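For the protein sequence lines, the chains are A and B, in the order given.
Once you know that position 154 of the first sequence is 164 in our numbering, the rest is easy, because the numbers rise by one and skip nothing.
Once you know that position 442 of the second sequence is 443 in our numbering, the rest is easy, because the numbers rise by one and skip nothing.
Rather than coming from a laboratory, the hints here were simulated on the basis of the structure.
Among these hints, one or two may not hold up.
Output of the computed footprint for chain B on chain A, the stretches with three or more beta carbons under 8 Å from beta carbons of chain B [said to hold, decoys possible]: (1) 206-212; (2) 238-244.
Only pairs whose alpha carbons sit at most 20 Å apart, straight line, appear in this in silico EDC-like list of lysine to aspartate or glutamate [as the list claims (entries may be wrong)]: (3) 209(B) x 282(A); (4) 364(B) x 65(A); (5) 364(B) x 62(A); (6) 222(B) x 207(A); (7) 222(B) x 48(B); (8) 217(B) x 282(A); (9) 217(B) x 271(A); (10) 222(B) x 206(A); (11) 222(B) x 248(A); (12) 222(B) x 247(A); (13) 217(B) x 206(A).
A quick note: this is a predicted structure, and the numbers were derived from the prediction, not measured.
Just so it is clear, CB atoms sit at the ideal spot from N, CA and C, and this is done for glycine as well.
Here is what each chain is made of, one letter per residue.
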Amino acid sequence: MKNTAGQPVRGDDFFDREPEQRTLWDSLDADNILLLAPRRVGKTSLMRRLEETAEQRGFRALYLTVEGATDEPTFVRRLLAGSIGLDTVAARLNLGDTINDLRMQGLGPFDSETADRFLLELSKSYPIDLAPQIREHIVERIAWPIPYYLQVVFAELREMNAAAPIDRSRVDEAFARLLDPARKNYFDYWRQRLHDELGTPEDGWALTLLNSICRDPEGASYETFQQALGRRISDPDERDSHLRYLLDVLQNDGYLVDDGDRYRFRLPLLREYWLRRVAR
Amino acid sequence: MTEHLPLHGAAVYNPHLLSPEELKKYFVVRRELLEHLLDELRREAPDRPPQHRLIVGTRGMGKTTLLRRLALAVSEDPDLGQAWLPLQFPEEQYNVARLSDLWVNCLDALGDKLEAEGQLDQAAELDTLVAGLPKGDEERRAEQGLAQLKGLAGRIDKRLILLIDNIDIVLDRLRDAHWKIREVLACDPRLLLIGASSRMLEATYEYKGAFYDFLKIHELKGLSLDETRELLCNLARIGNQPRVVDLIENEPGRLKTLHNLTGGNPRTATLLFGVLAQGPDGDVRADLERLLDQCTPLYKARFEELPAQSQQVVDGLAVSWDPITAGDLAGRLRMDVNKVSSQLSRLESQGVVEKVRIAPGTKAGFQIAERFFNIWYLMRTSRRLRKKLVWLVQFLRVFYSQDELKFHAGRFFARSARLSADMYLRHAEYGAVNLALAFQLSERVSEATELLRHLIAEHADDPVPHNGLAWLLYDRAGDLSEAERLARHAVELDPNSPHYRHTLGCILARRGNWSEAAEQARAFLRSDSKDFFEQHWPDILAFFAEAVAQNEASDSAELLTQEGLSDRWRPLYEALRAIAEGPDRLTRVAPEIRRPAGELAKELTSVAEAIGQTKIKG
């Protein structure tokens, strides 16, 4: 398996997602599907995997991206992919009906067992010796093990290129290096997207929320958000509805998780990045 | 019999002028929060530091009154009064410059309280103590002031509630002492802070702020329509003004319109009461004018405080009414866009202006934060702008007077039939027509149909039964081609009646003949009979709901523009555009218009859906 991050993977580089593939094929027998996941979770790779294996399933597959598509061929079934917030945004744009006839299918991170096998596979390919407790440590520190960040960490470990065996402190060092300015493009898109997706002034509001979340190691409470936005949106009901929308989008897009009474970054690495490069 | 209070009437700006009895009587709308605060107070463990609180609300939301009412409630409650002593402060503590000043003010407040309770010796003793505090060394003065406050609390065996109004100003002045104050509050079970502020405090929401996650926040929102009604009725009861109660009950549109424009601010509602009490026979426009007149000194002073260039920008925003981008505003003002932007951000940080999302596009819009100020401003500018406001007021009065306009399919049909009753009544000589209507209303459709057919046979040249049967067939998903034939005949017989054209327009729209339906709509929209709009507003809406059902929302909005009604009926126009283009369209519209437009869009859509289902069944 190749150590790669960013490009969608094909063929042997595609790893697992077996249960997801089975579910999708079963669903495609009856429905059109909208595959929803935050960016970088691996939607495109999964779709290409389905494309490659379609014939075995009695389908003919055609892969299209939105930018390239001028006219839409008549499909028997459609499998679409989009960022999770799509349904929230679609509701706002009155496009609810357009996506209502699609069956929603989420795509999450690997479970820790799959993430472990993923790292094992990678380490065998290169080969770099990653002991089980080291793999466990990596998965724990990523906390949201999607293939992209597993690959990114692995690339870092490779680059550190030491003859010495990889121990926990080497892993921690790799995580620290990921936050170097030189590697900021691993995370920059999280910041840039805010503007593209939300526009002004909501991107500014989202920034305010994310900044207060990153400063507090325990994450921040809804009450804190209300106050932080209170200066910008005076009407409490208006503020509340914007706040709920933003939290919805930020959760769906993979920035945040709701921890019961507080919100925190889903990726601890992203929190670190945010603290150093964005909130300061 | 209501017992009338002697003197003040409702205190609009200075709740401290009210006697305890008056305060209790006037305080009606924040009762739930008061009960909650009292309940929380009862749950405080005696030996542990209590939960400190902050009440946030914009001007006129009732912070000062709430603090006063809370103090009274604590004192009068046997258990709470035993354990707690509420201390009240002047609304503005201008004398606070250092931490010691705050503690000295607390001591003074305690002295006032002792004196009010007749404990003159203790009060005098306290004055001596304060006079004896070290003067030169601030640190020692603060330490000793606090120590004495705690000591006195111990001696009278009560915990102290510090009810500090405008605490934002106090804390701004004591920036260096935040952590010390926090430490005292966090450790000492004898002191409870309940502050009030007109804005959120950085110190409570910034992670590095001393009061981050420390204070429980209670935000005072604008009053709902029901709460406003309750407040006004209460004032009317106290002031013995039964006519105000009558008009609140009998003219729901008048109150609802004013509520929409004032945003549920209790102080404005109290002013409104004065207006209504003085002129219950007036109309909503006169009410609004007098209400704005009452706000004039305040708004004028606030506007004049601004530097000249800020005034220009605020003027531009207020006149635009709808949210506007910095670029467009600069264009209107013929000013440099960078200058406008920097003015806007200064005004935003002062809370005068708010940034809002306007879709589509990625540029932010700006609007005046205090909406009633915007209304005030519109009323005082050019005749053209005032007209726009007056149109909105007129529209809202009619729109909101239709009680419970949220008509679902069944009620919608009944309502339409009931409203066409007016025209039947004009033809009272045809008792039979009324009978047909009665049948229809009591769901005896086949009898109604039979009777109308009989009348048509007898009076081939009478438009009334033709129109009646046409509407019945349309309404009850009957034979639409017959309905169309009958309606056309009614229009031929009396081309000047907007009612018959309305019936025909609805039928044609449902039959998918939009272009001809639109022609009929033009005819009835042009009808200059004022009462057609006033009395038959639901019928007008019914036509537009039909248009929405036929996916002609966009065209029907265009129709309003062509007929010169898009400004006059702006909420309807915006509702249709929002249905056509998506709810985001409403972000481009001033909140006063957006709210009714949103309600209308919802109603039109739900009626249109019902029509769609009827069609499928039919």
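Evaluation of the provided hints:
Closer than 8 Å: that is the beta-carbon criterion, and the region 206-212 of chain A has 4 residues meeting it against chain B, so the requirement of 3 holds. Counting residues of the region 238-244 of chain A whose CB lies closer than 8 Å to any CB of chain B gives 6, which reaches the minimum of 3, so the coverage claim holds. For the hint pairing residue 209(B) with residue 282(A), the CA-to-CA distance comes to about 17 Å; that is within 20 Å, so the pair holds. Between residue 364(B) and residue 65(A) the CA atoms are separated by roughly 47 Å; this puts the pair beyond 20 Å, and the hint is violated.
For a cut-off of 20 Å, the pair hint linking residue 364(B) to residue 62(A) is broken: about 43 Å separates their Cα positions. Note on residue 222(B) and residue 207(A): the hinted pairing is violated, with a Cα-Cα distance of about 30 Å set against a maximum of 20 Å. As the CA atoms of residue 222(B) and residue 48(B) are separated by approximately 33 Å, the hinted pair breaks the 20 Å bound. For the hint pairing residue 217(B) with residue 282(A), the CA-to-CA distance comes to about 29 Å; that exceeds 20 Å, so the pair is violated.
Proposed proximity of residue 217(B) and residue 271(A) is supported: the alpha carbons are some 14 Å apart, at most 20 Å. For the hint linking residue 222(B) to residue 206(A), the alpha-carbon distance of about 33 Å lies beyond 20 Å, and the restraint is violated. With a C-alpha separation of about 11 Å, the suggested pair residue 222(B) and residue 248(A) falls inside the 20 Å cut-off, and the hint holds. The suggested pairing of residue 222(B) with residue 247(A) holds, with an alpha-carbon distance near 8 Å, which does not exceed 20 Å.
Under the criterion of a C-alpha separation no larger than 20 Å, the hint pairing residue 217(B) with residue 206(A) is inconsistent with the structure, at around 35 Å.
In summary, the structure is inconsistent with hints 4, 5, 6, 7, 8, 10, 13 from the numbered list given earlier, while agreeing with the others.
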